[in-house]
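Here the protein sequences line up with chains A and B, keeping their order. Counting the first sequence from 1 gives a position; the numbering used here is that position plus 7. Counting the second sequence from 1 gives a position; the numbering used here is that position plus 24.
Simulated from the structure, these hints should not be mistaken for laboratory data. Backbone N, C-alpha and C define an ideal beta-carbon position, used for all residues, glycine too. Hints are not guaranteed to be accurate.
[Stated by the list, open to error] Quick list of simulated restraints, FRET-style, between CB atoms: (1) L140/B / T12/A: 18 to 24 angstroms; (2) K59/A / E38/B: 25 to 31 angstroms; (3) N26/A / S97/B: 38 to 44 angstroms; (4) E109/B / P72/A: 36 to 42 angstroms; (5) S31/B / R52/A: 37 to 43 angstroms; (6) E109/B / N32/A: 44 to 50 angstroms; (7) P47/A / Q107/B: 39 to 45 angstroms; (8) E21/A / N76/B: 29 to 35 angstroms; (9) E68/B / K76/A: 35 to 41 angstroms; (10) S51/B / L87/A: 17 to 23 angstroms; (11) P72/A / E38/B: 49 to 55 angstroms; (12) S97/B / E21/A: 26 to 32 angstroms.
[Stated by the list, open to error] With a cut-off of at most 30 angstroms between alpha-carbon atoms, the simulated DSSO-like pairs for lysine-lysine come out as follows: (13) K81/B / K10/A; (14) K76/A / K10/A; (15) K105/A / K59/A; (16) K61/A / K76/A; (17) K35/B / K105/A; (18) K105/A / K61/A; (19) K76/A / K81/B; (20) K61/A / K10/A; (21) K81/B / K35/B; (22) K76/A / K59/A; (23) K117/A / K81/B.
[As the list claims (entries may be wrong)] One-sided and incomplete, this derived list gives chain B residues near chain A with beta-carbon spacing under 10 angstroms: (24) Q61; (25) G66; (26) F69; (27) Y72; (28) F89; (29) Q107; (30) S111; (31) L115; (32) D127.
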Amino acid sequence: LAKTTQPISMDSYEGQEVNITCSHNNIATNDYITWYQQFPSQGPRFIIQGYKTKVTNEVASLFIPADRKSSTLSLPRVSLSDTAVYYCLVVRYTGGFKTIFGAGTRLFVKA
Amino acid sequence: GAGVSQSPSNKVTEKGKDVELRCDPISGHTALYWYRQRLGQGLEFLIYFQGNSAPDKSGLPSDRFSAERTGESVSTLTIQRTQQEDSAVYLCASSSTGTSNTDTQYFGPGTRLTVL
Numbered sequence: 008l009a010k011t012t013q014p015i016s017m018d019s020y021e022g023q024e025v026n027i028t029c030s031h032n033n034i035a036t037n038d039y040i041t042w043y044q045q046f047p048s049q050g051p052r053f054i055i056q057g058y059k060t061k062v063t064n065e066v067a068s069l070f071i072p073a074d075r076k077s078s079t080l081s082l083p084r085v086s087l088s089d090t091a092v093y094y095c096l097v098v099r100y101t102g103g104f105k106t107i108f109g110a111g112t113r114l115f116v117k118a
Numbered sequence: 025g026a027g028v029s030q031s032p033s034n035k036v037t038e039k040g041k042d043v044e045l046r047c048d049p050i051s052g053h054t055a056l057y058w059y060r061q062r063l064g065q066g067l068e069f070l071i072y073f074q075g076n077s078a079p080d081k082s083g084l085p086s087d088r089f090s091a092e093r094t095g096e097s098v099s100t101l102t103i104q105r106t107q108q109e110d111s112a113v114y115l116c117a118s119s120s121t122g123t124s125n126t127d128t129q130y131f132g133p134g135t136r137l138t139v140l
């Protein structure tokens, strides 16, 4: 299963756009890329998922280049409440369930 | 229920004791997952249920760990003869089918286990 690599931490200011890039060099053809958000003392929460090109929902956008070896989560106009850990992961159900949650990216939004 | 629930929310136990952690998934969800999260670290996948069956138990850290699921609903994670290194937050998640790469996992709040 593709291992993911993301920056350990990032700082931003309120109102800025934040882009978090994740690399998954060994992603397989049928794998999807999913991003989760986790606040302290809570379980992770689904943000967005994609296969290729661009996906947008009410919370974020996800950009995936043609080779799919990386993906970028884009958070528009962050607020203090976006301070959290963001996980990029690849999920595969073929032959059972496989997933690897990396250490995540700790985003700290400052006023 | 409205979401995934776990009990207890906190558990403090002495080294060598057995503990049982419970997960109630979202009603109708076929798949259920257990993860472990040590302080300041990412999630470590433990086991996955498709219905009441666990196709792959290789993620369980040792034979002291076991899990079962009944009635395609509640699941129990049991840790026997707890050790201090078992201290962590144990997270449960469920998803609707457990067979599609697009399945979304919904997580519970976790059980914080402290082994003294």
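These are the hints, each one checked on the structure:
{"no.": "1", "hint": "L140/B / T12/A: 18 to 24 angstroms", "verdict": "violated, 36 angstroms"}
{"no.": "2", "hint": "K59/A / E38/B: 25 to 31 angstroms", "verdict": "violated, 51 angstroms"}
{"no.": "3", "hint": "N26/A / S97/B: 38 to 44 angstroms", "verdict": "holds, 40 angstroms"}
{"no.": "4", "hint": "E109/B / P72/A: 36 to 42 angstroms", "verdict": "holds, 40 angstroms"}
{"no.": "5", "hint": "S31/B / R52/A: 37 to 43 angstroms", "verdict": "violated, 20 angstroms"}
{"no.": "6", "hint": "E109/B / N32/A: 44 to 50 angstroms", "verdict": "violated, 31 angstroms"}
{"no.": "7", "hint": "P47/A / Q107/B: 39 to 45 angstroms", "verdict": "violated, 25 angstroms"}
{"no.": "8", "hint": "E21/A / N76/B: 29 to 35 angstroms", "verdict": "violated, 47 angstroms"}
{"no.": "9", "hint": "E68/B / K76/A: 35 to 41 angstroms", "verdict": "violated, 24 angstroms"}
{"no.": "10", "hint": "S51/B / L87/A: 17 to 23 angstroms", "verdict": "violated, 34 angstroms"}
{"no.": "11", "hint": "P72/A / E38/B: 49 to 55 angstroms", "verdict": "holds, 52 angstroms"}
{"no.": "12", "hint": "S97/B / E21/A: 26 to 32 angstroms", "verdict": "violated, 43 angstroms"}
{"no.": "13", "hint": "K81/B / K10/A", "verdict": "holds, 20 angstroms"}
{"no.": "14", "hint": "K76/A / K10/A", "verdict": "holds, 11 angstroms"}
{"no.": "15", "hint": "K105/A / K59/A", "verdict": "holds, 20 angstroms"}
{"no.": "16", "hint": "K61/A / K76/A", "verdict": "holds, 14 angstroms"}
{"no.": "17", "hint": "K35/B / K105/A", "verdict": "holds, 28 angstroms"}
{"no.": "18", "hint": "K105/A / K61/A", "verdict": "holds, 24 angstroms"}
{"no.": "19", "hint": "K76/A / K81/B", "verdict": "holds, 29 angstroms"}
{"no.": "20", "hint": "K61/A / K10/A", "verdict": "holds, 21 angstroms"}
{"no.": "21", "hint": "K81/B / K35/B", "verdict": "holds, 24 angstroms"}
{"no.": "22", "hint": "K76/A / K59/A", "verdict": "holds, 10 angstroms"}
{"no.": "23", "hint": "K117/A / K81/B", "verdict": "violated, 42 angstroms"}
{"no.": "24", "hint": "Q61", "verdict": "holds, 8 angstroms"}
{"no.": "25", "hint": "G66", "verdict": "holds, 4 angstroms"}
{"no.": "26", "hint": "F69", "verdict": "holds, 6 angstroms"}
{"no.": "27", "hint": "Y72", "verdict": "holds, 4 angstroms"}
{"no.": "28", "hint": "F89", "verdict": "violated, 17 angstroms"}
{"no.": "29", "hint": "Q107", "verdict": "violated, 23 angstroms"}
{"no.": "30", "hint": "S111", "verdict": "violated, 15 angstroms"}
{"no.": "31", "hint": "L115", "verdict": "holds, 5 angstroms"}
{"no.": "32", "hint": "D127", "verdict": "holds, 7 angstroms"}
Checked against the numbered hints listed earlier, the structure breaks hints 1, 2, 5, 6, 7, 8, 9, 10, 12, 23, 28, 29, 30; every other hint is satisfied.
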